[in-house]
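So you can see what is in the structure, the chains are spelled out below.
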Amino acid sequence: MTSSPEGLVLRATEVHKHFGRLHILKGVSLDVRPRETVCIIGTSGSGKTTFLRCINHLEKIDGGSIEVNGHPIGYRMKNGRLVEDSERNISRQRTEIGFVFQRFNLFPHKTALENVTEAPIQVRGVSKQEAVSDAEKLLARVGLADKKDTYPGKLSGGQQQRVAIARALAMKPALMLFDEPTSALDPEVTGEVLDVMEELAHEGTTMIVVTHEMGFAKRAADRVVMMDEGVIIEEGSPEHFFESPTHERTKAFLSKIL
Amino acid sequence: MFVHALWATVYISIVAQVLGIILGLIAALMRMSNFRPLRFLSGAYVLVFRGTPVLVQIMFIWLIIPGRTVGFGAFTLKQEVFAGILALGVNEGAYMREIIRAGIDSIDKGQMEAGKSLGMRYGAIMRRIVLPQAARVIVPPLGNEFNNMMKTSSLVYIIGVYELFSDAEQVFSSSGNVAPFIAVAFWYLVLTSIWSIVQASIERRLAVSEHGDELSLRERAVAVWTEGGGVSRLGDWPFGAGGRWRGRS
Chain Y
1 MTSSPEGLVL
11 RATEVHKHFG
21 RLHILKGVSL
31 DVRPRETVCI
41 IGTSGSGKTT
51 FLRCINHLEK
61 IDGGSIEVNG
71 HPIGYRMKNG
81 RLVEDSERNI
91 SRQRTEIGFV
101 FQRFNLFPHK
111 TALENVTEAP
121 IQVRGVSKQE
131 AVSDAEKLLA
141 RVGLADKKDT
151 YPGKLSGGQQ
161 QRVAIARALA
171 MKPALMLFDE
181 PTSALDPEVT
191 GEVLDVMEEL
201 AHEGTTMIVV
211 THEMGFAKRA
221 ADRVVMMDEG
231 VIIEEGSPEH
241 FFESPTHERT
251 KAFLSKIL
Chain U
1001 MFVHALWATV
1011 YISIVAQVLG
1021 IILGLIAALM
1031 RMSNFRPLRF
1041 LSGAYVLVFR
1051 GTPVLVQIMF
1061 IWLIIPGRTV
1071 GFGAFTLKQE
1081 VFAGILALGV
1091 NEGAYMREII
1101 RAGIDSIDKG
1111 QMEAGKSLGM
1121 RYGAIMRRIV
1131 LPQAARVIVP
1141 PLGNEFNNMM
1151 KTSSLVYIIG
1161 VYELFSDAEQ
1171 VFSSSGNVAP
1181 FIAVAFWYLV
1191 LTSIWSIVQA
1201 SIERRLAVSE
1211 HGDELSLRER
1221 AVAVWTEGGG
1231 VSRLGDWPFG
1241 AGGRWRGRS
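Respectively, the protein sequence lines represent chains Y and U. Taking this note's numbering, I'd label the letters of the first sequence as residues 1 to 258. Taking this note's numbering, I'd label the letters of the second sequence as residues 1001 to 1249.
Any given hint could be a false lead.
[What the hints assert, rightly or not] No more than 30 Å apart at the CA atoms, straight line, and that leaves these computed lysine-lysine pairs for DSS-like:
#, chain 1, residue 1, chain 2, residue 2
1, Y, K26, U, K1109
2, Y, K128, U, K1116
3, Y, K137, U, K1116
4, Y, K26, U, K1116
5, Y, K60, U, K1109
[Said to hold, decoys possible] If you want the footprint, here are the derived chain Y segments under chain U, 3+ residues with CB under 8 Å:
#, stretch
6, 81-91
7, 97-103
8, 107-114
9, 117-131
10, 166-180
Note that these hints are calculated values from the structure, not bench results. Small disclaimer: the values here were computed from a predicted structure and weren't measured. Don't be surprised by glycine CBs; every beta carbon is placed ideally from N, CA and C.
Just chain Y, same shape as in the assembly (with noise of 0.2 Å):
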């Protein structure tokens, strides 16, 4: 399965990103096709959300590139030197990546509808009657149909998650990106929003995961990849990775998580 670069919903080349005197990213280089699942595994500290964040620019980065369908994220060419974009352009750049956030991010004072259509109506300009039914028809995509008057505040941890994915997915965006979506869910309510992620990577959407849930990324990924140090030391199939791994650090991450 092999296609053109220009095809590519993101082409992430040689990123490097410091955090103070700590060199978080070392040349992370990834490609993602349309329509395919990347689960990003590894330890803590090995950088996997940093590079997410990057990815939207919720994060500069120090040097690489990064394109999404073909647009540099973050960064424009200005007399042959690479500069920061403008707010505007970086604003609207990120309308095409949605963002998952660990800790949900809600907005408490708006309900769960408020939240899916602030960004499609402030931000497209889509009239608030078509947002709102673009979002009824999420939220009953994520099983929260009856909860779309609910604010943030009362829901459990797995419907604040949900309605997170409806917001993102409001936009429309070409990728979606999920950072340890599940990771501050109690473990009982981890399962509703890992089966609505496994949806949506079925049905197509291209997606970048950064989870510890192996099992999820067993089902659901068409990619698995190891980063650790800064670095991806190792990227295949979940067949491959999960039996046949061949690093020393992956085996040893597996043999610990699984």
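Since the structure of chain Y is provided, determine the placement of chain U on it from the hints.
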């Protein structure tokens, strides 16, 4: 005459407070800017206007504003009234900056990130996501500021503004009678008492719209009337599940 003085105090205080809120918000946003000169300007503003007596500021601004009136048409103010409002407002802004900044700081950073990730721009995130939540933190100290403002506004009598205190002062200087000062104290007390009531009701309303684990008052009322209070969610409702309100719905 006296009614005019009372109105002048109310009017000057409200306009100066609104000006202070606007300046405080601008200064707070400048303080959080990535652009160093803006942060510096904001810091200098607070340093100067919190670090010098408001009386000096009133005198100074009154002296540097030329003319006998300021504005045009229906928006014409006597020069001293304009100078007084401006001085009180600018001074208040320095205090409001800290209050507003604390309010904004109290909002989780994830809210800003969530807005960004949806493609919202800074201004829209502030206006629609952060500030509405920060308001709950800002309003109580803001209320105290306004209480202070009504009393502090008496200082503009020094530049010849006609308001509550100067009215009393005039009666005193022509009669030598102390009574006007007792009367004026009483009227300030009336104003601040009315404000306390207003403030309490605003804070109550903000608390109601805080959608935490508790049901809001409105939702409780709705639930009680439409569902007969018999829903388990209403465990902490004083008239409880199946309570005495049930029969009415």
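Against the structure, the hints:
1. K26/Y to K1109/U: 27 Å, holds
2. K128/Y to K1116/U: 21 Å, holds
3. K137/Y to K1116/U: The hint holds at about 24 Å.
4. K26/Y to K1116/U: 26 Å, holds
5. K60/Y to K1109/U: Roughly 17 Å separates the two Cα atoms, so the pair holds.
6. 81-91: holds (count 3)
7. 97-103: holds (count 5)
8. 107-114: holds (count 3)
9. 117-131: Since 4 is at least three, the answer is holds.
10. 166-180: holds (count 3)
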